[in-house]
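So you can see what is in the structure, the chains are spelled out below.
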Amino acid sequence: MDPVRHLYVHLPFCAHRCGYCDFVTVVGRRGQHAAYVDGLLAELELERELLAPELETVFLGGGTPTFTDPGELERLLAALPPAAEVTVEANPETVTAALATLLRRNGVNRVSLGAQTFQPELLRVLDRVAGPDDVRCAFYHLRDAGFDNISLDLIYGIPGQGPSELEGDIEEALALRPEHLSCYELEAKPGTRFAHVHGEELRRQAEAMEGYFESVVETLVGAGYRWYETANFCRAAEADTRGRDLRSRHNLAYWRGRDYLGLGIGAVSTVRGRRWRTSPRLGPYLAALSVGRRPVREVEPLADSIRREERVMLGLRLDEPLPVATIAPSLNPEKLARLQGLGLAELTPLEPEHAGEALTLTHRGRLLGDAVTADLLA
Amino acid sequence: MDLERIRNFSIIAHIDHGKSTLADRILELTKTVSGREMRAQVLDTMELERERGITIKAQAVRVNWQGYELNLIDTPGHVDFTYEVSRSLQACEGAVLVVDAAQGVEAQTVANAYLAIENNLEIVPVVNKIDLPQADPDGAAAELAELVGGKPEDVLRISAKTGKGVAEVLDAIVERVTAPSGDPGAPARALVFDSSYDQYRGVVAFVRVVDGAFAGREPLRAMAQGTRFEAEEVGFFSPTMKAAETLGAGEVGYVITGLKDVSRLRVGDTLTSEQRPATEPLPGYKDVKPMVFAGLFPTDSDEYPDLRDALERLKLNDAALFYEPETSQALGFGFRCGFLGLLHMEIVRERLEREFDLDLLVTAPNVAYRVLERNGEWLEVHNPAEMPRELDAVEEPYVRASIIVPKDYVGPVMELNNDRRGRFDHMEYLSPERVLLSYELPLAEIVLDYYDQLKSRTRGYASFDYDIAGFREGELARVDVLIADEPVDALSMIVHRDAAYARGRALVERLKEEIPRQYFDVPVQAAIGSRVIARETVKAKRKDVLAKCYGGDITRKRKLLEKQKAGKRRMKQVGAVEVPQEAFLAVLNLNDGSKK
Numbered sequence: 169m170d171p172v173r174h175l176y177v178h179l180p181f182c183a184h185r186c187g188y189c190d191f192v193t194v195v196g197r198r199g200q201h202a203a204y205v206d207g208l209l210a211e212l213e214l215e216r217e218l219l220a221p222e223l224e225t226v227f228l229g230g231g232t233p234t235f236t237d238p239g240e241l242e243r244l245l246a247a248l249p250p251a252a253e254v255t256v257e258a259n260p261e262t263v264t265a266a267l268a269t270l271l272r273r274n275g276v277n278r279v280s281l282g283a284q285t286f287q288p289e290l291l292r293v294l295d296r297v298a299g300p301d302d303v304r305c306a307f308y309h310l311r312d313a314g315f316d317n318i319s320l321d322l323i324y325g326i327p328g329q330g331p332s333e334l335e336g337d338i339e340e341a342l343a344l345r346p347e348h349l350s351c352y353e354l355e356a357k358p359g360t361r362f363a364h365v366h367g368e369e370l371r372r373q374a375e376a377m378e379g380y381f382e383s384v385v386e387t388l389v390g391a392g393y394r395w396y397e398t399a400n401f402c403r404a405a406e407a408d409t410r411g412r413d414l415r416s417r418h419n420l421a422y423w424r425g426r427d428y429l430g431l432g433i434g435a436v437s438t439v440r441g442r443r444w445r446t447s448p449r450l451g452p453y454l455a456a457l458s459v460g461r462r463p464v465r466e467v468e469p470l471a472d473s474i475r476r477e478e479r480v481m482l483g484l485r486l487d488e489p490l491p492v493a494t495i496a497p498s499l500n501p502e503k504l505a506r507l508q509g510l511g512l513a514e515l516t517p518l519e520p521e522h523a524g525e526a527l528t529l530t531h532r533g534r535l536l537g538d539a540v541t542a543d544l545l546a
Numbered sequence: 288m289d290l291e292r293i294r295n296f297s298i299i300a301h302i303d304h305g306k307s308t309l310a311d312r313i314l315e316l317t318k319t320v321s322g323r324e325m326r327a328q329v330l331d332t333m334e335l336e337r338e339r340g341i342t343i344k345a346q347a348v349r350v351n352w353q354g355y356e357l358n359l360i361d362t363p364g365h366v367d368f369t370y371e372v373s374r375s376l377q378a379c380e381g382a383v384l385v386v387d388a389a390q391g392v393e394a395q396t397v398a399n400a401y402l403a404i405e406n407n408l409e410i411v412p413v414v415n416k417i418d419l420p421q422a423d424p425d426g427a428a429a430e431l432a433e434l435v436g437g438k439p440e441d442v443l444r445i446s447a448k449t450g451k452g453v454a455e456v457l458d459a460i461v462e463r464v465t466a467p468s469g470d471p472g473a474p475a476r477a478l479v480f481d482s483s484y485d486q487y488r489g490v491v492a493f494v495r496v497v498d499g500a501f502a503g504r505e506p507l508r509a510m511a512q513g514t515r516f517e518a519e520e521v522g523f524f525s526p527t528m529k530a531a532e533t534l535g536a537g538e539v540g541y542v543i544t545g546l547k548d549v550s551r552l553r554v555g556d557t558l559t560s561e562q563r564p565a566t567e568p569l570p571g572y573k574d575v576k577p578m579v580f581a582g583l584f585p586t587d588s589d590e591y592p593d594l595r596d597a598l599e600r601l602k603l604n605d606a607a608l609f610y611e612p613e614t615s616q617a618l619g620f621g622f623r624c625g626f627l628g629l630l631h632m633e634i635v636r637e638r639l640e641r642e643f644d645l646d647l648l649v650t651a652p653n654v655a656y657r658v659l660e661r662n663g664e665w666l667e668v669h670n671p672a673e674m675p676r677e678l679d680a681v682e683e684p685y686v687r688a689s690i691i692v693p694k695d696y697v698g699p700v701m702e703l704n705n706d707r708r709g710r711f712d713h714m715e716y717l718s719p720e721r722v723l724l725s726y727e728l729p730l731a732e733i734v735l736d737y738y739d740q741l742k743s744r745t746r747g748y749a750s751f752d753y754d755i756a757g758f759r760e761g762e763l764a765r766v767d768v769l770i771a772d773e774p775v776d777a778l779s780m781i782v783h784r785d786a787a788y789a790r791g792r793a794l795v796e797r798l799k800e801e802i803p804r805q806y807f808d809v810p811v812q813a814a815i816g817s818r819v820i821a822r823e824t825v826k827a828k829r830k831d832v833l834a835k836c837y838g839g840d841i842t843r844k845r846k847l848l849e850k851q852k853a854g855k856r857r858m859k860q861v862g863a864v865e866v867p868q869e870a871f872l873a874v875l876n877l878n879d880g881s882k883k
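Protein sequence lines, in the order shown, are assigned to chains W and P.
According to this note's numbering, the first sequence is numbered sequentially starting from 169.
According to this note's numbering, the second sequence is numbered sequentially starting from 288.
Since the hints were derived computationally from the structure, they do not count as laboratory data.
Every value quoted in this text rests on a predicted model; they were computed, and no experiment measured them.
There could be a bad hint or two in this list.
Claimed, not checked - Below, in silico cross-link-like pairs of lysine-lysine (DSS-like), each with a Cα-Cα straight-line distance of 30 Å or less:
{"hint": "1", "chain 1": "P", "residue 1": "K826", "chain 2": "W", "residue 2": "K357"}
{"hint": "2", "chain 1": "P", "residue 1": "K799", "chain 2": "P", "residue 2": "K844"}
{"hint": "3", "chain 1": "W", "residue 1": "K357", "chain 2": "P", "residue 2": "K850"}
{"hint": "4", "chain 1": "W", "residue 1": "K503", "chain 2": "P", "residue 2": "K448"}
{"hint": "5", "chain 1": "P", "residue 1": "K846", "chain 2": "P", "residue 2": "K799"}
{"hint": "6", "chain 1": "W", "residue 1": "K503", "chain 2": "P", "residue 2": "K828"}
{"hint": "7", "chain 1": "W", "residue 1": "K357", "chain 2": "P", "residue 2": "K846"}
{"hint": "8", "chain 1": "P", "residue 1": "K448", "chain 2": "P", "residue 2": "K529"}
{"hint": "9", "chain 1": "P", "residue 1": "K826", "chain 2": "W", "residue 2": "K503"}
Chain W extracted, bound-state conformation:
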C-alpha cells in the first residue's frame, strides 16, 4: 500500500466568525488550545501508520491557525512530520514579526494570507478585522522573516464592489509581488449569516460577476501569472528569478486525486478508496482522544466509478492534460465530440513516452468548467 504523503491539520480557533464563512470554526475557548493540540497529536499517533516517514506536503488550515496560542502552535509544528512544502494559513491581523519568525524556525516555508480585499468598506461587509495596511504589514513581516513563497487570497463579487474596486484590489495585490494568488468569487453558502443578509443581492449581480471572473483571469495572466487551477494563480516559472514551480503542491494533490490525511475537527481524509470526515464538535473530539480512541467520523466509501468522476471533476480544473485512459469509462463520447466542436474541450496526444490521449479544456471551457464536466459525465 502506498503511504499517504499529504497531511492537512485543522486549527479551528478564530477571534470571531466572519459572516460569509462556512468552515468549522471555534470562537473563544482560548483555554482549550493546549488540549486541542494534545488531541491533534494523539490523533496523529493513531494514524501514523498511514503516513510516509517523510511527507510531500503539510497544510495548516482553519479557522485562523495563526490565532492559536503561539506556544501551542510551535509545539504542534515541531511535532509534525517533516515535509517538502509546509503551508500555514494566516489572517493579516495575527501576523507579527515574532509570529513570522516562529513559523519560519519551525519549518514553515509557505504562507497563505487571507487578504480578501484592499477596500476598507468591503472588508467591513465581509466582517474582516484587518484593514488594508494590516495586509501589507503582515506581508512585509513575512518577507522580512525570509518567506519567499507567499500566497494572497482575494475575494471578488462582494456586495458594493464594482469593476473599478476589483481592478484596484488586483493592482494592490500585484504591487506586493506575491508568488501565488487565490481568487474566489464570493459564495453565499446556505445557512451563513451572509447568505441571509446579502443572498438576494448576490443573485441579482450573478450575471455581472461572470464578467468579473474573466477580467481577473485576463489581468493576472497579463501580469505573468499562470492560471493553473480554476481559482488559483502562481507566478509563472519563466517569470520567477529562480524558475520555481510555485503551484500549491498540497492543493495539487487534491486536484490530482491523491490520498490525503486530515487531522482535527471537521477535517476530511481520503485514503485508499474511503473518505471520512471527523465530527465538527470540539468536546466529543477531545474526550475521545484523551482516552486514546478515534473521534466520531462520517465514512463514505468511494466506488471506482465515483473516483473516476471526481478525477474528471477535479482534473479539469487544472491547466494540465488529463490522461483519457483512466477516466474513459465515465466519459460520454457524444458529448465530448460536441464539446470539441464547440471549442470547449480538446483531445491531444500524450507525451511521447505514454500511449493514448489526454483531455484538456480550452480557455473558455475552463470558464464553463462545471457545465462542461456535467456534460462529459452525463
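We have chain W already, so just place chain P on it with the hints.
The following block gives chain P in isolation, referenced to the frame of chain W:
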C-alpha cells in the same frame, strides 16, 4: 308494467346545486336503499366523480312511488358531455330542473333547460337549499319560472339536504310528467343512452325500451353500427343491478352484451331483435367528434408503453376519447388525444395521473381545424404542426356561449369577448340584477384561459357554458417557433392573423425566460412561413464554475455535479440546444406573460 304507471325522468342542475343529494334522498324515501347502505352520492361510483362532485357516467335507477315505477336517469351536468346529456334526456319524458336558492339560475342551468325543452320534456322546476341562511327562494323561483315559461307558484321549494319537500317532487313527477308512449306489440326497439365497461361482463348498455320487449339470451342487433350480439342478461338498477325476465316498452334498464369493446356499441344507437327486427331505428344517432386536441407525452420516455395501455383502458369506458400515436422531435413519443372539451381533457389527464400513476407532459390544447387544400380537398387537422403552409381556406369550430353575470360586469365581459373575436348575439335580463349574454366565439379562443379570464374580470361571479355551433371560416395563420434556427414542432400554434404578431412576440419573450443560457448565443424566433415576426436571443453564459474546491469540498462538489447532471437529463435536445420540458408549455401561459 302498464305504460300508464311508468314515469321516466332525469334531474338536471348546475354543478353543486344539489342534484346528487336530491337523488340520494329519493333513493332513501322510496326505500330503494336502506339507511345503512346510504352514503353520499350513491350514483357516482368513480372515485373522481365523488371527489369533484360531478357525474361523468349516466346511470339509471328504478324506484317505486305510490304504485308507480319511476326511472331516474342520472345525467352528466357538464356541457362537455352535451351529447350524452341529450341522449339521456331522450330516454325521459320529464326533467326535474334544480336551482340553488342562493345562487339562482346559472349558465349551465340555461343550457340544460334548453336541451330539455328541445327534447319536449315536461319540466318540474325545483328550488333547492331553501334551508340556507342566504337563500332567496322567491328570487330563484322567479328566475326559474321566467326560464321555463311557467308560474313562480308552480316551482317546488325543497331542501334535499333535510328531505323537506322531496315527497312533493315525486308526486309532481307522477302528476305532471307524461307516461311513456310506445307500442308493446311492435318489433322491439330500445335507445342506448349510455354504456359502461365491466371487466368481467363486457359492455353494459343502458337502454330505454320504446317498443316491444327485450329478454335475456336473445340475439340482438345495434341498428346504426350493425353490431350483433346475444343479450346475456337484461335488468334494471335498484340501485345495484337486478336481473329481470324482460324489459318492456317504456321501461329503463340495462342489457349485458358481452361485447369486449365499447366502440362497437355507440351511445344513441337503437337495439332491436334479430328474430323480429324493426325497420326504422330511433332518431338521434350521431357520431361524437372530439373538438379539443392536445399531445400527451410521458415525462419519462420509458413510460410510453404504460401510457398506451392506460389510454386503451380509458377508451374502453369512454367512447368519446380519441387518440393516435404522435412523434414530436422535441418531446419524443406520445399520443395526440382528442376530447369533447376542456373538462373532458382535464378528467382524462387526472385519471391517467391518478389511476395509472403516470407523469405526463400535456401540450397546450388546440382545436380541430378543417382545411381546404390547394387540390380542392378538405383535410381535418388536429395538430398545428400538421397545418399545411399552402392552403385555400381554414375553418375553425365556433361555440354558442351563454354567460350569466351580475349586470355590473356586462362591460368587462363584452370587452373580453371582443378581444376573443366573439360575435354578440343577444342579451336578456333574467332578473333586474342578472344578465344572460349570448355570444358566438371561436372555440380556439376559449380553450386556453378564457374561463380564468372571465372569472377574474367578474370576481368569480360569471357562469359560463357553451355548445358547439359548427365550423366557420377564419383568417388564421400558422406561427412556427425556431430555436437556434431549428423549427420546434411542439411550439407551433394557429392564431388569428391580427393576433399573430402579438402572440409570436409574447411566446418568444416567454421562451427567452424559460430556456437556460447555453454555451453559445441561442436565437429564438417566431415566424409565419419564412417571415420572422419576432426574435430574442438567449445570451451565451460566460462562466459556470464553482470557485473553491479543496479536500473538504470534494463530496459536496460532486453532489452538486450530480444535480447538474440530473438537470441536464431532464432537458430535451432541440438541435444543439437543451430546452427544459417546461418551456414547451410556455404557450399555455402566454396571456399572463404578455400582460405583465
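Hints the structure violates: just list their numbers, smallest first.
4
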